[in-house]
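As given, the protein sequences belong to chains A and B, one line each in that order.
Numbered continuously in the working numbering, the first sequence closes out at residue 275.
Numbered continuously in the working numbering, the second sequence closes out at residue 195.
Among the clues, some could well be false.
Within a straight-line C-alpha distance of at most 27 Å, the following computed DSSO-like cross-link-like pairs (lysine-lysine) qualify [unchecked claim]: (1) 123/B / 137/B; (2) 244/A / 129/B; (3) 244/A / 162/B; (4) 123/B / 162/B.
Hints were generated in silico from the structure; no laboratory data involved.
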Amino acid sequence: MLQSADQAPTSLFQGALQGYSVKLDAFEGPLDLLLHLIRKNEVDIYDIPISLITRQYLDYLKLMKELNLDLAGDFLVMAATLLQIKSRMLLPLPEPEEGEGDEAEDPRAELVRRLLEYQRYRDAGLELGTRELLGREVFARPCRDGCCLEGLAAAEEGPLELDLFELAEAFRTLLARMPLARAHEVAAQETLSIVDAINQILTRLDGHESVEFNTLFADEEQTRERMIVTFLALLELCRIKLVKVLQNDRYGPIYLYPSVTASDTEGGLDESSLA
Amino acid sequence: MSHPSLKAIIEGLLFVADGPLSLDQLTELLHDYDRASVRLAVQELRDDYEQRGAGVHLVEVAGGWQLRTVPELMPFLSRMVKGRPARFSQSALETLAIIAYRQPITRQEIEYLRGVDTGAVVKTLLEKKLIKILGKKDIPGRPIIYGTTREFLEVFNLKDLKGLPTLREISALDELPVYEVQEELPLGSEQRGAP
Chain A
1 MLQSADQAPT SLFQGALQGY SVKLDAFEGP LDLLLHLIRK NEVDIYDIPI SLITRQYLDY
61 LKLMKELNLD LAGDFLVMAA TLLQIKSRML LPLPEPEEGE GDEAEDPRAE LVRRLLEYQR
121 YRDAGLELGT RELLGREVFA RPCRDGCCLE GLAAAEEGPL ELDLFELAEA FRTLLARMPL
181 ARAHEVAAQE TLSIVDAINQ ILTRLDGHES VEFNTLFADE EQTRERMIVT FLALLELCRI
241 KLVKVLQNDR YGPIYLYPSV TASDTEGGLD ESSLA
Chain B
1 MSHPSLKAII EGLLFVADGP LSLDQLTELL HDYDRASVRL AVQELRDDYE QRGAGVHLVE
61 VAGGWQLRTV PELMPFLSRM VKGRPARFSQ SALETLAIIA YRQPITRQEI EYLRGVDTGA
121 VVKTLLEKKL IKILGKKDIP GRPIIYGTTR EFLEVFNLKD LKGLPTLREI SALDELPVYE
181 VQEELPLGSE QRGAP
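Just chain B, with the same shape it has in the complex (with noise of 0.2 Å):
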């Protein structure tokens, strides 16, 4: 094989990466290329896995790339994953939901908002890793503020905070529904470049 093309090389890397690998990663480990060229070539890649159809493809979460498998495989994997897959409670996710939003927060602003207790649930989401200790706040007691982690980007396949879900306004019971009016974003723009 002559010298492997760059889209190789990078396949390579997010082949063996244990995380998402961010582009400043990429061009570090790259040194012999730019940034523009490095972006281009992962962008390609990824049209590559789009185009053929595959079994992974490659997917922008927490900020970086990482090659993951496509949705649909999921019933033939999750016969070979060892153990159940992970299921969170209603609670769980609330509360995550609540955290993702509105961090920098306390639990005392969490309880506030579901209206139970909630020290047990941000106990696990702790251990989970999901979330993290971000601080104490200044103000009397100094209670401790909690925010999302890097992990729950992962998880939750989400290329950043901004990724998330804009909250909806009040549902079905709402009788004048209120319509943010958003521009258009200038996808495209960055994001493909050149063909």
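So that you can see chain A by itself, here it is in the shape it has in the complex (with noise of 0.2 Å):
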């Protein structure tokens, strides 16, 4: 909420409406904020003053721009519409033809009619929102994944499952941070091997809960090769399903889990697990 008077310079905002508060993320798209203005206007939908409300909608758009938001490409078209019904009503009607029984059109029937029926929409869709939604206001049982909407939830809060670019990224930071390598290092250097670094990966998810993502590349010896070959020990214990990679929030540390008991695990794995 931005209290907007002292902050934009616009005709509509100063003056009588003191204080006037704007909600910017309220709107869903023009024509909310169309019918938002019409609303505010006290006018009637079937006679909308085109020129008052084309006014007001600009002065929103150039509100919003001051503001450095970024103005969606759908509400500088509404306002190329307003523009042209505009101009439009300015012309005079082209002489209605003999024999012809229609007359010409309100140009701002077409406009009308959308606002009317998003706002049937708009509307439905609040009412849906009110329902008692299983997972919010009901549950039933089993609760698959101990919460009924799984995948709703989820979205919302609780882990959310990695894909590949995520973790691809996660991985590219990291990397970002390494030096390149440094030269003339020639003595002969200990290699690890992929089988090595799930060994040790499952040697640190052993009798833990969950071990961040990050903490997998502390060490203090790292190099790139190293952390290369982690990472694709990583993507390896994915496939072979015995990690999972998770992540509680978006840009937030994304964590290891394992996905079976220890006990299954036990004894490491060798070359000959890994087909």
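Using the hints, put the two standalone chains together into the complex.
Written as structure tokens, this is what we have:
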């Protein structure tokens, strides 16, 4: 919520409407905004004072621009439509031709139809939202995965399953922090195979509920090679479904969870179990 | 315990089922009993729960019967259920309403009605399995058409699509409110049957 009275030097929002508060995120789109303007001005939707509404609509777009909000293209399309209607209303209506029964349609008719139609569905949507929703007001058993609306609830809260791109992105960020290969380091480096790395990860997970993704790469003597091998090992573990990679919220830390009990993986893995 | 009553058997089935059970499914599971007595038992069971003021009740949803908690328990149950309850944004609800009332419908038609790009919302609703792809429309470009799913009915506590609230005619702005003349529904004749 923004107190726009002193921030927006537009004619509409100064003056009479003192302390006019603008809920900018409340508008779902241009139609929603138009309905709001029509209601605020208490005008008849079937006889929209197009000049007034167009001016306020454009003022609003200006305000959004000044507040550095991204203006969706849809808002601009509607602005163009409004201006077109406004200019058509200034022109005299073409003489109805002899024999053609229909009068020329009011240039606003199409817009009014859309507004009314939109309002119906918006209201219907709000009404749907007030119903007793499964997983919100009412519950049934058995609750799938401990929560009735696995998918729904997870999308809002709770762990998100990561896709490959997010995992890769997290790894890229880590890798970017590493200096590029130090020159002149010729000594035979201790190499880490993927199998070793897998066992390292499993050892870390052993007895823990979860391990944060970043800590896998937090070793003192980390090199790019080791990081890459560890990451490949993690991908392999995901593929053979030994770990689950979850995140509690977008851009939050990423966690690894064992997806089987410790006893199943006892003894670690050897080369042969990796097909 | 002697031979359990039909009502008790149905209660057990509904308790264990992982979704609403339709009358057809119940009748098939209980082949010793005929459809009419199964229906009667279901209704008696529903009335039992209502009269007892129980914490669960039997609701008709998505074409079947399911045991659900009563809404009054929500504040107590939400403490136990993991995760926050599902919330729907206004754009998700709007889009869902348009699809529910206008299905089968293409994305272009939804966007015309809403006046905004709807791609992301449609994708989320698909992921949440509230809508599904019904096929392609037989017009140039063969756009995908969408409709609501069984999960939609389950989540929104609807018996079927006819259970959707009637679209209100233009509310506050309308000068001449239009009232639809609706015949009284022949409720009771089929539902309540014999006492």
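Here is what the structure says about each hint:
Under the criterion of a C-alpha separation no larger than 27 Å, the hint pairing residue 123/B with residue 137/B is consistent with the structure, at around 18 Å. With a C-alpha separation of about 23 Å, the suggested pair residue 244/A and residue 129/B falls inside the 27 Å cut-off, and the hint holds. Restraint check for residue 244/A and residue 162/B: not satisfied, since their Cα atoms lie roughly 42 Å apart, outside the 27 Å limit. In summary, the hint linking residue 123/B to residue 162/B is supported, as the alpha carbons are separated by about 25 Å, within the 27 Å threshold.
The structure shown violates just one earlier hint, number 3.
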